[in-house]
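Model the placement of chain R on the given structure of chain D, informed by the hints.
Protein chains in written order, with the working numbering: chain D, 20 to 310; chain R, 28 to 105.
Worth flagging that the hints you see were computed from the coordinates, not collected in a lab.
These numbers come from a predicted model, not from an experiment.
Hints are not guaranteed to be accurate.
Claimed, not checked - Ranges of calculated distance between the beta carbons of each label pair, as one might list FRET restraints:
hint	chain 1	residue 1	chain 2	residue 2	range
1	D	K52	R	D79	31 to 37 Å
2	D	D125	R	K99	42 to 48 Å
3	D	D142	R	K38	34 to 40 Å
4	D	S152	R	N60	55 to 61 Å
5	R	N98	D	I58	53 to 59 Å
6	D	G34	R	P87	50 to 56 Å
7	R	K99	D	I39	49 to 55 Å
Said to hold, decoys possible - Taking lysine-lysine and the BS3-like style, the derived pairs with C-alpha atoms no more than 27 Å apart in a straight line are:
hint	chain 1	residue 1	chain 2	residue 2
8	R	K29	D	K67
9	D	K233	R	K97
10	R	K37	D	K171
11	R	K38	R	K89
12	R	K38	D	K50
13	D	K171	R	K38
Glycine included, C-beta positions come from ideal geometry on N, C-alpha and C.
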Amino acid sequence: MPSLKEVRNRIVSVGSTMQITSAMKMVSAAKLKRAQDAITQMRPFAEKLQEILSNVSSSLDNSENAYARNAGGKNILIIPISSNRGLAGAFNANIVKRTWSLIKNDFNGCHVTVLPIGKKVQDAFKRTDFIISGQDLPSNLNELFDGLSFAKTSPVAEKIMEAFATKQFDKVILVYNQFKNAAVQITMTEQFLPIVPPTSGKSTSTDYIYEPGKEFIVNDLIPRSLKTQFYKALLDSNASEHGARMTAMHKATDNAKEMLRDLKITYNKARQATITKEILEIVGGAEALNG
Amino acid sequence: MKIEIITPDKKLFEGNVKSATFPGSEGSFGLLNNHASMIATLKAGEIELIEDSNNTLKFPVKGGVVEVLKNKVIVLAE
Chain D
20 MPSLKEVRNR
30 IVSVGSTMQI
40 TSAMKMVSAA
50 KLKRAQDAIT
60 QMRPFAEKLQ
70 EILSNVSSSL
80 DNSENAYARN
90 AGGKNILIIP
100 ISSNRGLAGA
110 FNANIVKRTW
120 SLIKNDFNGC
130 HVTVLPIGKK
140 VQDAFKRTDF
150 IISGQDLPSN
160 LNELFDGLSF
170 AKTSPVAEKI
180 MEAFATKQFD
190 KVILVYNQFK
200 NAAVQITMTE
210 QFLPIVPPTS
220 GKSTSTDYIY
230 EPGKEFIVND
240 LIPRSLKTQF
250 YKALLDSNAS
260 EHGARMTAMH
270 KATDNAKEML
280 RDLKITYNKA
290 RQATITKEIL
300 EIVGGAEALN
310 G
Chain R
28 MKIEIITPDK
38 KLFEGNVKSA
48 TFPGSEGSFG
58 LLNNHASMIA
68 TLKAGEIELI
78 EDSNNTLKFP
88 VKGGVVEVLK
98 NKVIVLAE
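The shape of chain D in the complex, shown without the other chains:
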């Protein structure tokens, strides 16, 4: 039986841990709300852009485009997107695991380069041969998440697109957590470049006047849509991070509560035992005097 003082100390420390985790949960919930709003805000833009693009490009052959080059080469760029901070459950581990499985299975025998976004995944790949070096790409992208905005992400997307267009890479893959809801994140592997030809679904048969010309518009829209895709991946990852942290912290708070209850019982038992012992001693003493 642990001593009273020991148990009391543990109760205090578990209690303060619980306070921290429940505060973190609250903070994440607030941040999640904002991140979710950002996704909702950008969705109409992305959808409309995609609609116009498929509308315009349905009658055009896109294989000429610099971003559609499908050479089937062996230079692969993987962009895993994680968070800068931990304590978010399996959020970051999933990304790292998926990236490793891509390197070892899907792109076995290819020359793989990893461009990490987020401190956690950067730490995971820092000491491997895959980490980006030498290429003309931004290497430190961790501050992207401080005030995530389209203006901030599009130069990065441009750099990546440029590296693809100049044939430094033959394929660019995004690995990120897609936001489903606060409790569920799906680890996604998405081909960023070369572009996946838009599936010509609903093709509105409106006769548009194209100004200046169809080809020009397509060439103007494709980089825009790529930048939007990149931004969307980051937004998704950001919202997922807060969702994952919220769930993780919620669980941690629950666990702390349970632990606290157990500790309270132990404490009371210990207290009871001391009292019983004291009474026994007193009774024993009195008996001795009487006898």
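Only chain R this time, still in chain D's reference frame:
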């Protein structure tokens, strides 16, 4: 006519306007009511809207695309 200006971060403007002027890739152009369906790209410049109340609004853009369909104008701007 109805006009919406959308950016990836938020919706900048939504409302009815009398006319709109855009910095098109091949020169500035204006739109009035009942314009034919059109898709056009924009270069860096300013979008100028004249509201029904004759208020003039200006939005600087870095580029974008405009879709006109049945008196509804959607601007995807950056």
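Status of each hint after checking the structure:
Under the hint 31 to 37 Å, the C-beta atoms of D:K52 and R:D79, about 35 Å apart, fit the expected range. Distance hint check: the CB atoms of D:D125 and R:K99 are about 44 Å apart, consistent with the given range 42 to 48 Å. Separated by about 38 Å at the C-beta atoms, D:D142 and R:K38 satisfy the suggested range of 34 to 40 Å. Separated by about 57 Å at the C-beta atoms, D:S152 and R:N60 satisfy the suggested range of 55 to 61 Å.
Between R:N98 and D:I58, the C-beta spacing of about 30 Å breaks the proposed range 53 to 59 Å. The hint said 50 to 56 Å for the Cβ distance between D:G34 and R:P87, and at roughly 54 Å that hint holds. For the hinted restraint 49 to 55 Å between R:K99 and D:I39, the CB-CB distance of approximately 51 Å keeps it satisfied. For the suggested pair R:K29 and D:K67, the alpha carbons sit about 16 Å apart, so the restraint of at most 27 Å is met.
Pair hint D:K233 plus R:K97 holds up; C-alpha atoms about 20 Å apart against a cutoff of 27 Å. Distance check on the hinted pair: R:K37 and D:K171 sit about 15 Å apart at the alpha-carbon level, within 27 Å; holds. With a CA separation close to 16 Å, the supplied pair R:K38 and R:K89 stays within the 27 Å bound. The straight-line distance between the Cα atoms of R:K38 and D:K50 is roughly 21 Å, inside the 27 Å bound, and the hint therefore holds.
For the hint pairing D:K171 with R:K38, the CA-to-CA distance comes to about 18 Å; that is within 27 Å, so the pair holds.
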